[in-house]
Amino acid sequence: MECRMTKDDLLGALYLAQGIVDRRVTLPVLAHVLIQVGNRDATILATDQEIGLRRRCGAAVTKRGAATANARVLYEIIRSLSDGEIELRSDERHHLEVKQGKSQFRIVGIEPSEFPAMPAVPDVKSKAQLSVDAEVLRRMLELTLFAASSDEARPALCGVCFERRDGLLHVVASDGHRLSLVSRALKGVRPEPGVILPRKAVTEMMKVLDGLSGEVQLTFGSGVVFLTAGDVELAMRTVQADFPSYEAVIPRETAHLLTIANGPWSQALRRVAVLAAEQTHPVRLTFDAGKVELSARNPELGEAHEEVEANYSGETFTIGFNARYLLDVLSLFPGDSTVEVGLQDDESPTVFRVPEEPEFLYVLMPMRLS
Amino acid sequence: MNEQAPLARKLEDRQEGLAPGERRVVVLPPEVADKIAAGEVVERPASVVKELVENALDAGAKNIRVELEEAGLGLIAVIDDGEGMSREDAVCAFQRHATSKVRTLADLERITTLGFRGEALASIAAVSTTTLCTRRREDLVGTRVVLEGGKLLEVSEIGGPPGTRVEVVGLFANVPARRKFLKAPATEMGQVSEQLTRMALAWPNVAFELRHGRRVLLHFPQTARFEERLAQVFGRDRAASFLDFEAEASVGRVRGYLSPSHFSLPSPRQIFTYVNHRYVRDKLVTHALLAGYSTLLMTGRYPLAVLFLELAPTEIDVNVHPAKLEVRFRRGGAVHELISRSVQERLRAQLPPLGSGLSEGDKPKLEFASLPQIEPLPLGPPESTQREGGAVPQWVLEVPWRSPSQPPSSATLAPPQARPSFAQLRVVGQVFEGYLVCEGRDQFVLVDQHAAHERVVFERLRSSYARGPLPRQQLLMGAVVPLDARAAARLVEYGEEAERLGFEVEAFGMDAVIVRAVPALLAHLDPAQLVRDLAEELVEVERPEGLARAAERVFARMACHTAVRVGQSLGVDEIRALLRAMDEIDFAAHCPHGRPAFLVWPRTEIERMFRRI
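One line per chain: the protein sequences are A and B, in this order. Here the first sequence stands for residues 1 to 370, where the numbers follow the working numbering. Here the second sequence stands for residues 1 to 613, where the numbers follow the working numbering.
Take these hints with a grain of salt, some might be off.
As the list claims (entries may be wrong) - Distance ranges between label pairs, derived from CB positions:
1. B:439 / A:278: 24 to 32 Å
2. A:336 / B:603: 51 to 59 Å
3. B:439 / A:184: 36 to 44 Å
It is worth saying that the hints were derived from the structure and are not from the lab. We treat Cβ as the ideally placed atom computed from N, Cα and C, and that holds for glycine.
Given these sequences and hints, build the entire structure.
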């Protein structure tokens, strides 16, 4: 194969490939990208057999064909070249030649047919497809992924679940102590039972969506979900597990409601948490008329107390939380936003909402402090 | 010790004092009675050696030579340069319960000498032909006493050096039954040399020599420094790695030398424990020592340790066992606490200073130089200056026990409270997806990522538990955990204890529980797995009192599940976080199962391996 491509096109594809290629040495071909050159464009593929990336780029084709190269090596080379056109050529010994001006590289490759086949997006007219604005989807993922577990022993919780409920698309994640949920009415048909995408897939999806605008498509195949966003196509294997039924843990009503400015509250939490026990970050919150008192104590470090103004008129009570679990969610919203906290008692789930993004909901279980 | 030994000879026959116990139904002929009694004290050549050497020590000897032929059956000779005996004493010494060391019943309550029962010589003489030659320094002529099968054959005058020489010929010749039960000569010789080593450890200011035929088996020259004796016995390198400590409580004092926790042996035979300079093999003392090592050693592995307890004579009863191997403590609990606590504290401080804490002057600290397969460095404490054979064994009073392995001028050594810094190590990389390769100042450090992380988690759990019930993170969705009925019942029964450990568990039918909360420290893990672990450990607990111990096992097991595995490749950030965490905890040296968490080679070791030095 032989073609010319712009540095931008190539680099954009290789950047996405970086996150996907498998760095483990079990199957060397998985550390490579495959470059397929067609009649008038080129496609760059990368996969770790869980996620597959296909990125189409414009190319001035001299000769069709395919070549592979180590993804990291190629990325480092392309990145350090000057802007503008880059020539790519492969030889029969599977070397990839990269040329720009007086710079010339010959990279050892692998027989292209060894590159694993990638699932193709099923029929575009399939019923299991929905269209969504790239920015909206990215935000939905951002608002949920952080709450997913990283304990691989529980695969169902190690990702983000997509499912249809009450005519809405629910995107939800939980690690068993907290749950983050975004529900939106969307165009298209949604998956009925929950489909779970693993953390890595969601992370890569967010990378693809980053900076994009306009509609993208999610297609739900059997065991695979495809994201089609412009020139990029991502095939993601789903987690073979059932997401726990969670609607029962979302309190329909709570006894008390607190309204508080996100900025001052987050900052106070951050300060107080400095003196909370290091691993579990326990902080005590006391809700009182017009204010929240925050405190933390660590026998080895000392104690911290702080008061933050809040709109509260319920009964006075104290509850313990992992400060990280609070800050994780508060940091997703601007400082000038308002947070509504629905409280029951010190051992029931607490609900967090932000009026600016009414589709979002966060449920957090308290911590029992001695 | 000998300054406390009564100077009087073995004169008093204490038979009257014990008369009620001696009443006989049928009076045995004295030869039979003597042989029976002898059997209690004199089991084998090693016991003869023990009794005779103890007598020599009680007599203030500075040089003790033991000579054996035919593994002691031909000849056992013990030659000392102690104070010797007068003619009358020499004869009396062979009467049963003849002793110079105890006179009244009250004396028995405060025994400070090694021998006291007045049985040894009589017992030995009963089963052999025994010749005693002795001369006091002030006497012109000495005395020679010969007995055969307990009968006095000869008392005569003899010349010779000051001191006492006891020769035992034909041991058990007249007791074929006993002779039959002796083991192979090599085994019997092993016992003798072990026996002598035990005594030598407690008496560094006495020279010991053991010969078998023409071969010198042991030779421990006299030394003023206890560390020097350790070096003579265990070798210089091993001795240099010992961790020394000293502690005191109302019940008494304990001093000791411990092998660092990375070193272990498959049997407890290298544990030497002494009560008031008497070697004892006491369950309580050994248990306390091992409790001090606690989780630092794998099950079935033992340390090398030398422990000296000094208790007021009224605190102990040594008259429990004929061979005086056991003692009875008046306040056993306090003794146990003293030992286990001080051992634990010393081990906590054992970490070698890593990175910046270390400088050239620290070389004698060789805790990690004696790694398997690698020859330790030929370094050690400087040669001791031999002291003249003064009357008072000053090593007890003078030896700087606190820092024997450290040169006194070494100001560069980090004090035990200064934590070594793993965080300051330079991370070179990871090998075999399981071991972190790091560089400290003049040190090559290898960290087992799983063991290290396990220890980190374990210590976090343990220290949090020590401060109170573990904080519990509640679960959004109570998880149903199927268990066998016994485990489920046990979990519910111990609900309160489980809560202290950070769990909220409710019954769910007969053979399952619902878990509502888990320890916040382990909140990222599968609650079902945690509860299964907890249940398995609780089933083992027989009584609720045992829960404190169970807690430790629960934590160890959970830590193991939590920790990063070997086979998991770690990023630089993760490695850094792990090393930082290792700095925070108390015992970074081992994983809770007792495997080492890291190994350190000094630069000199590496250079030596490459024959650069």
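Checked hints:
no.: 1; hint: B:439 / A:278: 24 to 32 Å; result: holds, 27 Å
no.: 2; hint: A:336 / B:603: 51 to 59 Å; result: holds, 57 Å
no.: 3; hint: B:439 / A:184: 36 to 44 Å; result: violated, 53 Å
Comparing the model with each earlier hint shows a violation of hint 3 alone; every other hint is respected.
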